[in-house]
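These protein sequences, in sequence, are chains D and C. Just so we're aligned, residue 887 is where the first sequence starts under the numbering used here, counting upward by one. Just so we're aligned, residue 8 is where the second sequence starts under the numbering used here, counting upward by one.
Derived by calculation from the structure, the hints in this document are not laboratory data. Note that beta-carbon positions come from the ideal geometry of N, C-alpha and C, so glycine has one too. Hints may be right or wrong, so weigh each one.
Derived Cβ-Cβ restraints for the label pairs, each shown as a range [said to hold, decoys possible]:
(1) Ala245/C / Lys1173/D: 45 to 53 Å
(2) Asp1267/D / Val156/C: 46 to 54 Å
(3) Met249/C / Asn1410/D: 28 to 36 Å
(4) Ala1361/D / Gln61/C: 35 to 43 Å
Straight-line C-alpha distance at most 30 Å; calculated DSS-like pairs for lysine-lysine [as the list claims (entries may be wrong)]:
(5) Lys1104/D / Lys48/C
(6) Lys130/C / Lys1282/D
(7) Lys48/C / Lys1028/D
(8) Lys969/D / Lys48/C
(9) Lys1329/D / Lys48/C
(10) Lys969/D / Lys986/D
(11) Lys48/C / Lys1418/D
(12) Lys275/C / Lys1104/D
(13) Lys969/D / Lys1282/D
(14) Lys1104/D / Lys1329/D
(15) Lys1271/D / Lys275/C
(16) Lys1329/D / Lys275/C
(17) Lys1173/D / Lys130/C
(18) Lys986/D / Lys1418/D
(19) Lys1173/D / Lys164/C
(20) Lys219/C / Lys1418/D
(21) Lys1173/D / Lys1282/D
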Amino acid sequence: MRMNRVLKGVAVTSALALALTACGGTSEGGEGGEAAGGVVTAHNTEPQNGLIPTSTNEVGGGRVVDLIYQGLYSYDADGGLQKELAESVESEDNITWTIKIKEGATFSDGTPVTAQSFVDAWNYGADSDNAQNSSYFFETVKGYAQSNDDGADELSGLTVVDDHTFTVELLGPEADFPQRLGYSAYMPLPEVAFEDMQAFGQAPVTNGPYILAEDGWKHEVQIELVPNEDYEGPREPANEGITFTIFDNYDAAYNSLLSNELDVLGEMPPSVLANYQDDLEGRSVSKAYAGNATMVIPNYIEEFQGEAGQLRRQAISMAINREQIIEQIFMGTKEVATEFTAPVLEGYSEDIPGNEVLEYNPEKAKELWEEADAISPWPEDKVLKYTSNTDGAGNKEYIEAITNQLRTNLDIKAELDAKATFKEMRNLVGEDGLEGVSRAGWKGDYPSLYNFLGPLYGTGAGANDGRYSSEEFDAKLQEGLEADSVEDAAVKFNEAQEILFQDLPVLPLWYQAAQAGWSTNVDNVELGWDGKPLYHQITKGE
Amino acid sequence: MLMYTLRRVLHMVPVFFGATLLVYFLVFATGDPIAALSGGKPMSDAVEATLRAQYNLDQPFWVQYGIYLKNLLTLDLGTTFSGQSVNDVVARAMPVTARLAVMALAIEAIFGVVFGVFAGLRKGGIFDSTVLVLSLVVISVPTFVLGFVFQFVFGVKLDWTSPTVGPDAGWGDLILPATVLGLVSLAYVIRLSRTQIAENLSADFVRTASAKGLTRGRVVLVHVLRNSLIPVITFLGADLGMLMGGAIVTEGVFNVPGIGKVLFDAIKIGESPTVVAVVSVMVLVFVVANLAVDLLYALLDPRIRYA
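Given these sequences and hints, build the entire structure.
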């Protein structure tokens, strides 16, 4: 009797559940009629810094800063330079550059954009007293060391010639200097910014295709941008504004997109990688961008030094089945790496001599490892630790897959050395504390091969996690910087990569791709060279 | 009673400082946030040093905590890495979470007691069995799963409501998240009041009341219900503090701009002033709610006296 009633309860419950799911069967998108005509709503994360060009170095702030400031150049979808305020950027020797800017441009408070606006902003960014996250972008400008360490307020390499002309003197030649200038760290600032930079960062006065609406930044909620009527340039807004909705959960953002409330989601949560293309029925795109993932093999680990170390580096590379990991863990959303930079960059080549070391070849890998053991044996009980933060999506899964492959193919002990946060891992890397290999990746600041090589593998460079140092490589980089054209420079940079293939300071794994989706209310969503949607050209019909 | 209240309020002081110290230390122990601020990009030593000095990270732990406490006493909670005052951050996010928690509490109190009473009066009936099975399901499923299922079914598939909360986080927007937040406690309230009612129905004083010739309605409302609700109210009071904490998960799922979301972002980048401020506020709410419950207890049950 009693049992019977419980059963009845279960029956009623199941009936309820069935009814719920049955109702869920028919629903129609495309009726989100309440949205204001023409204002695109897009996903974003909360900016970690004020909206100041030189302090913004993460994507949440970057998406906004790129839209509200106008610098000398911007980048088109393929990473090509398009002129914004630049009239001309010229140099005879690649060291001293004369920059002429267009006349008549103004900030949204009506003050003119002059050569001084650029010089003041750059000086501010470089001076370590201002603690700007992106100050390293000025490290090749003459006077950086003084401004950064010794209390000087200005970069001696910057000179204002007249209202619309200034010169930049670099420490050495740099053929691709103009290519840098589209990056947000090189944006101009109005005079009012220097009165109180902290307050300015909360409500900046800017000159980009969009400006921040009044009280537009509601922290943790949304950032409202309206078109700037005074803007003239290649990024003329095709919509009536962009409202960034702040999310810290990508699944929530994805559900908001499915119900047509969010118009643009520039990054898919890992949980939907297998099915987003079906869910969105043609309203999605996947595109490789200037970013890669690598495995750092630090120079300071004894087993990876010398001839045996060289062989071991090659062996590990050949023991990794990159294709399989991309298919099974990332649902095919990445591309196997063939060199150290990224395919969207000008000068990229997939035929760099030496890159066969990136091909999966378990037999050869085992042979090389044994050869290395013959020279200096791998300690009996040594476990190859693969350090990574596990707060990034997919990190844990792919590294466990790689360590599995290494265990099988090389017959060694290998395991993930998990760090809970990115912070923890960076601290370990910073103090040369790695006990094995580690996860790394690079996202281009500006579309140039050099940006993927100099800061990462140059002797003593800031992001040289493995402390790699090669005179030969440094010399090749220098030749590239001194080249007469970007094309000639690319040849030298690719020759520098041949040296990297011999030394393998890191093992390139794959190139990143960005996945974006959009609602039925918008059209014309395209991803740029850096994987960010080109927000200004999105149209919203009503 | 007054003495008791005073003593309890005094107890709150060490609890509060102990909590801030512990949280401050935990954030401190996870390491230097500056390396992560640079996002793996190069940063010059001089810039790092300036940043450390700016957030007092170059000082030893006790000095850092001392500076924090000193500012706390002047009601200055510090600044975030993005340059906002933490006071503003908390003042903006707190009302949203409070609204969410109060709604959840109302939902669990009203539905919990009503369902519990009906189930308890007809113990063993179909309604009772259904409610028991349903509440078991709710208790055993983690909140974030429940959240995503509700979001997908009601927000995306049925389109009855928005799957995420709008910029104003108004009462209407918060119905779905508040339901999810209150659901687990709702299940407990149902079970608690059901047992209480069933137990009291067979108590001596109820038999006496019935024997006096009172109507069944009066017996249930005045005698059974009043006595049954005492433990339920205690549970609800203590639950308010739990709801504030549980909001972290729910706010993430429904993108509610409350303190849970603030806390999540702050923990991610190691922004100790924000983390400590938010957790301290949560501790305060918890402690005050507990005190209120204890005092309420004495009011409801004349047998309890505090000296």
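Hints, one by one, checked against the model:
Take alanine 245/C and lysine 1173/D: their Cβ atoms lie about 52 Å apart, and the range 45 to 53 Å holds. At roughly 47 Å, the beta-carbon separation of aspartate 1267/D and valine 156/C lies within the given 46 to 54 Å, and the hint holds. Distance hint check for methionine 249/C and asparagine 1410/D: the Cβ-Cβ separation is about 47 Å, which falls outside the suggested range of 28 to 36 Å. The hinted window of 35 to 43 Å between alanine 1361/D and glutamine 61/C holds, with their beta carbons roughly 39 Å apart.
Proximity of lysine 1104/D to lysine 48/C is assessed by CA-CA distance (about 28 Å); at most 30 Å being required, the pair is judged to hold. Restraint check: the Cα-Cα separation between lysine 130/C and lysine 1282/D comes to about 50 Å, which exceeds 30 Å; the hinted pair is violated. About 21 Å separates the Cα atoms of lysine 48/C and lysine 1028/D, which keeps this hinted pair within 30 Å; it holds. Straight-line distance between C-alpha atoms of lysine 969/D and lysine 48/C comes to about 27 Å, which keeps the hinted pair within the 30 Å bound.
For the hint linking lysine 1329/D to lysine 48/C, the alpha-carbon distance of about 9 Å falls within 30 Å, and the restraint holds. About 12 Å separates the Cα atoms of lysine 969/D and lysine 986/D, which keeps this hinted pair within 30 Å; it holds. Distance restraint check for lysine 48/C and lysine 1418/D: the Cα-Cα separation of roughly 19 Å lies within the 30 Å cut-off, and the hinted pair is therefore satisfied. Restraint check for lysine 275/C and lysine 1104/D: the C-alpha separation of about 20 Å stays at or below 30 Å, so the hint holds.
Our distance criterion of 30 Å between C-alpha atoms is broken by lysine 969/D and lysine 1282/D, whose separation comes to about 42 Å. A C-alpha spacing of about 28 Å is found between lysine 1104/D and lysine 1329/D, which places the hinted pair at or below 30 Å, so the restraint holds. Pair hint lysine 1271/D plus lysine 275/C holds up; C-alpha atoms about 25 Å apart against a cutoff of 30 Å. A threshold of 30 Å between alpha carbons decides the hint, and for lysine 1329/D with lysine 275/C the separation of about 20 Å falls inside it, so the pair holds.
For the given pair, lysine 1173/D sits about 61 Å from lysine 130/C by alpha-carbon distance, which is inconsistent with the 30 Å threshold. Only pairs whose Cα atoms come within 30 Å are accepted, and lysine 986/D paired with lysine 1418/D is accepted, the gap being roughly 29 Å. The suggested pairing of lysine 1173/D with lysine 164/C holds, with an alpha-carbon distance near 29 Å, which does not exceed 30 Å. A C-alpha spacing of about 78 Å is found between lysine 219/C and lysine 1418/D, which places the hinted pair above 30 Å, so the restraint is violated.
For the hint linking lysine 1173/D to lysine 1282/D, the alpha-carbon distance of about 24 Å falls within 30 Å, and the restraint holds.
Of the numbered hints listed earlier, those contradicted by the structure are 3, 6, 13, 17 and 20.
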